[in-house]
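For the record, the sequence lines run as chains A and B. Note that the numbering used here has the first sequence beginning at 1, numbered continuously upward. Note that the numbering used here has the second sequence beginning at 1, numbered continuously upward.
No lab work stands behind these hints, which were simulated from the structure alone. Any given hint could turn out to be false.
[As the list claims (entries may be wrong)] DEER-style ranges, computed between Cβ atoms:
hint: 1; chain 1: A; residue 1: Arg170; chain 2: B; residue 2: Thr30; range: 41 to 49 Å
hint: 2; chain 1: A; residue 1: Phe72; chain 2: B; residue 2: Pro53; range: 45 to 53 Å
hint: 3; chain 1: A; residue 1: Gly50; chain 2: B; residue 2: Val84; range: 18 to 26 Å
hint: 4; chain 1: B; residue 1: Gly75; chain 2: A; residue 2: Arg109; range: 46 to 54 Å
hint: 5; chain 1: A; residue 1: Leu265; chain 2: B; residue 2: Glu71; range: 28 to 36 Å
hint: 6; chain 1: A; residue 1: Ala145; chain 2: B; residue 2: Ala131; range: 29 to 37 Å
hint: 7; chain 1: A; residue 1: Ala153; chain 2: B; residue 2: Thr30; range: 42 to 50 Å
hint: 8; chain 1: B; residue 1: Pro53; chain 2: A; residue 2: Leu88; range: 29 to 37 Å
hint: 9; chain 1: A; residue 1: Thr292; chain 2: B; residue 2: Arg170; range: 27 to 35 Å
hint: 10; chain 1: A; residue 1: Arg279; chain 2: B; residue 2: Arg129; range: 50 to 58 Å
hint: 11; chain 1: B; residue 1: Thr30; chain 2: A; residue 2: Ala68; range: 19 to 27 Å
hint: 12; chain 1: A; residue 1: Arg195; chain 2: B; residue 2: Pro53; range: 19 to 27 Å
[What the hints assert, rightly or not] With a straight-line Cα cutoff of 25 Å, these simulated SDA-like cross-link-like pairs (lysine to any residue) come out:
hint: 13; chain 1: B; residue 1: Lys116; chain 2: A; residue 2: Ala285
hint: 14; chain 1: B; residue 1: Lys116; chain 2: A; residue 2: Arg234
hint: 15; chain 1: B; residue 1: Lys116; chain 2: A; residue 2: Val261
hint: 16; chain 1: B; residue 1: Lys116; chain 2: A; residue 2: Gly273
hint: 17; chain 1: B; residue 1: Lys116; chain 2: A; residue 2: Ala178
hint: 18; chain 1: B; residue 1: Lys116; chain 2: A; residue 2: Ala68
[As the list claims (entries may be wrong)] Residues from chain B that face chain A, not an exhaustive set, calculated with beta carbons under 10 Å:
hint: 19; residue: Leu39
hint: 20; residue: Val84
hint: 21; residue: Asp86
C-beta: ideal position from N, C-alpha, C; glycine also.
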Amino acid sequence: MSTPASDTSGDHLIPVQHLRPGDHAFVSYGDDEVRWEVVTAFVRLGLARGEKVLVLPCPGVPGEEVLARIDFPSHSTALARERGQLVLSSMREVIAPDAEFTAARQMARLRAETERATAEGYTGLRAFIDMGWVAALGADVGTMAHRETHADALFAGRPYTEICAYDRRRFDRETVAAMERAHPRALLERLGSLRAVRDAEDALRFIGEADAANRAAFTRSLEIALARTAPSRRLTVDLTRLHFLSVGCATALLAGVSGAVGHELVEVRCDRGQARMLRRLGAGAVPRLAATEVVRPW
Amino acid sequence: MVNPDPIGAAGAAGAPAEESERRLLQRRFTARLLPQLRLLVEECAAREGLHEPRRGEFVLAVDEIAGNAVEHAGGSGRLVLRRVGDELECRISDAGPGFSEAVIPELLPGLDGATKGRGLWLARLVADRFAVAAGPGAVGAAGSGTEGAAGTAGAPAAPGTVVTVAVRLR
Chain A
1 MSTPASDTSG DHLIPVQHLR PGDHAFVSYG DDEVRWEVVT AFVRLGLARG EKVLVLPCPG
61 VPGEEVLARI DFPSHSTALA RERGQLVLSS MREVIAPDAE FTAARQMARL RAETERATAE
121 GYTGLRAFID MGWVAALGAD VGTMAHRETH ADALFAGRPY TEICAYDRRR FDRETVAAME
181 RAHPRALLER LGSLRAVRDA EDALRFIGEA DAANRAAFTR SLEIALARTA PSRRLTVDLT
241 RLHFLSVGCA TALLAGVSGA VGHELVEVRC DRGQARMLRR LGAGAVPRLA ATEVVRPW
Chain B
1 MVNPDPIGAA GAAGAPAEES ERRLLQRRFT ARLLPQLRLL VEECAAREGL HEPRRGEFVL
61 AVDEIAGNAV EHAGGSGRLV LRRVGDELEC RISDAGPGFS EAVIPELLPG LDGATKGRGL
121 WLARLVADRF AVAAGPGAVG AAGSGTEGAA GTAGAPAAPG TVVTVAVRLR
């Protein structure tokens, strides 16, 4: 049986692979290598899903480098560029012929580009916008913040997805934190990373990729959560924000719950694929474990 | 490297058998590159029309096999992903001590003992086609093929293994 997933405003972190049409997401980076991981995944998965992809890189980064980074290590994006599915642009081009940035102008153009993309036969439009344009166009942070918090018309019910990327070396800490709060979604900075958080309902929520490299961290977080909830004898583990769950981590979960003899119940919230995997790995024989299939609200 | 054109299109145009095969991805990997490898396999699978939840199961199977190569076969391997007719086929080869399909348990190993072998067990379960074969280095290598997934450290020769996992697209 499926039940709606809860989602609190303070916990909006997801892996980039979970982005869906209508999502408006924040990401930050502080490293010239790491910065390419999210954009590469965003571009490649968008192209594979039949969406048109617009990339507005940081002004000053040569277009050749952007394309080479996105294309590595396989050249699947080359044909997309040739047929116009992948477009490299800039905020200056987006707001042209205006020279000064206004949110109204930018959103009108992005809205028109979304309609154009669907008219061209694509399933939607996704845009990666490096916020380095703010300084390049002389815009102020207040204008930018207003845009980020008043852009619902661009997203709600429409096939448009956007990532706004902030270089932590260019923006001060307070601005980056405010911008993260201003976005409905925030992304993990790196591929292959795993975060464990305690959500508003006191559940242990895993976010990202629970692969072999993260198995020790996954197991440790589970052990701590079981110890923390020993007095109440109940724990909820939320797997729905995992994009990848390895057999090793799934087995660690089943073994951990199996050994938690003091608990009355461990509820595992999971998606349909995860539920099937846990069943195959023997979840039905683990006492006190209840797997609940959850439909993600995004 | 991705070759968007059918294999052999330039040199053997008109051969039906070759037209039904396309190489989608070829990549060497280490543990550090596994997240990127998963992304590339997912991308190719989505482009070929493999839908969820089968796409996720295919990526999981590939990761488990690649992870086994990293852990037990010298820390690296090579992946070739192809479209073969109506199937998506992934071959993962390594230069490790070698193992046979016999080391994969028939039944799911229990939680109370060693949990080794579950990854390959599930990879085989979700696959429409699965095979384990000796690698090219097996020729002339003594004692190859039955050492188990953990292999034998210090073997004089590294026969290697090729694991093939395939899923139907329709």
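Results of checking the hints against the structure:
no. : hint                               : in the structure
1   : A:Arg170 with B:Thr30: 41 to 49 Å  : violated, 33 Å
2   : A:Phe72 with B:Pro53: 45 to 53 Å   : violated, 29 Å
3   : A:Gly50 with B:Val84: 18 to 26 Å   : holds, 23 Å
4   : B:Gly75 with A:Arg109: 46 to 54 Å  : holds, 49 Å
5   : A:Leu265 with B:Glu71: 28 to 36 Å  : holds, 34 Å
6   : A:Ala145 with B:Ala131: 29 to 37 Å : violated, 57 Å
7   : A:Ala153 with B:Thr30: 42 to 50 Å  : holds, 46 Å
8   : B:Pro53 with A:Leu88: 29 to 37 Å   : holds, 34 Å
9   : A:Thr292 with B:Arg170: 27 to 35 Å : holds, 32 Å
10  : A:Arg279 with B:Arg129: 50 to 58 Å : violated, 23 Å
11  : B:Thr30 with A:Ala68: 19 to 27 Å   : holds, 22 Å
12  : A:Arg195 with B:Pro53: 19 to 27 Å  : holds, 23 Å
13  : B:Lys116 with A:Ala285             : holds, 19 Å
14  : B:Lys116 with A:Arg234             : violated, 29 Å
15  : B:Lys116 with A:Val261             : holds, 24 Å
16  : B:Lys116 with A:Gly273             : holds, 22 Å
17  : B:Lys116 with A:Ala178             : violated, 46 Å
18  : B:Lys116 with A:Ala68              : violated, 40 Å
19  : Leu39                              : holds, 5 Å
20  : Val84                              : violated, 18 Å
21  : Asp86                              : violated, 19 Å
In terms of the numbered hints stated before, the structure departs from hints 1, 2, 6, 10, 14, 17, 18, 20 and 21, listed from lowest to highest.
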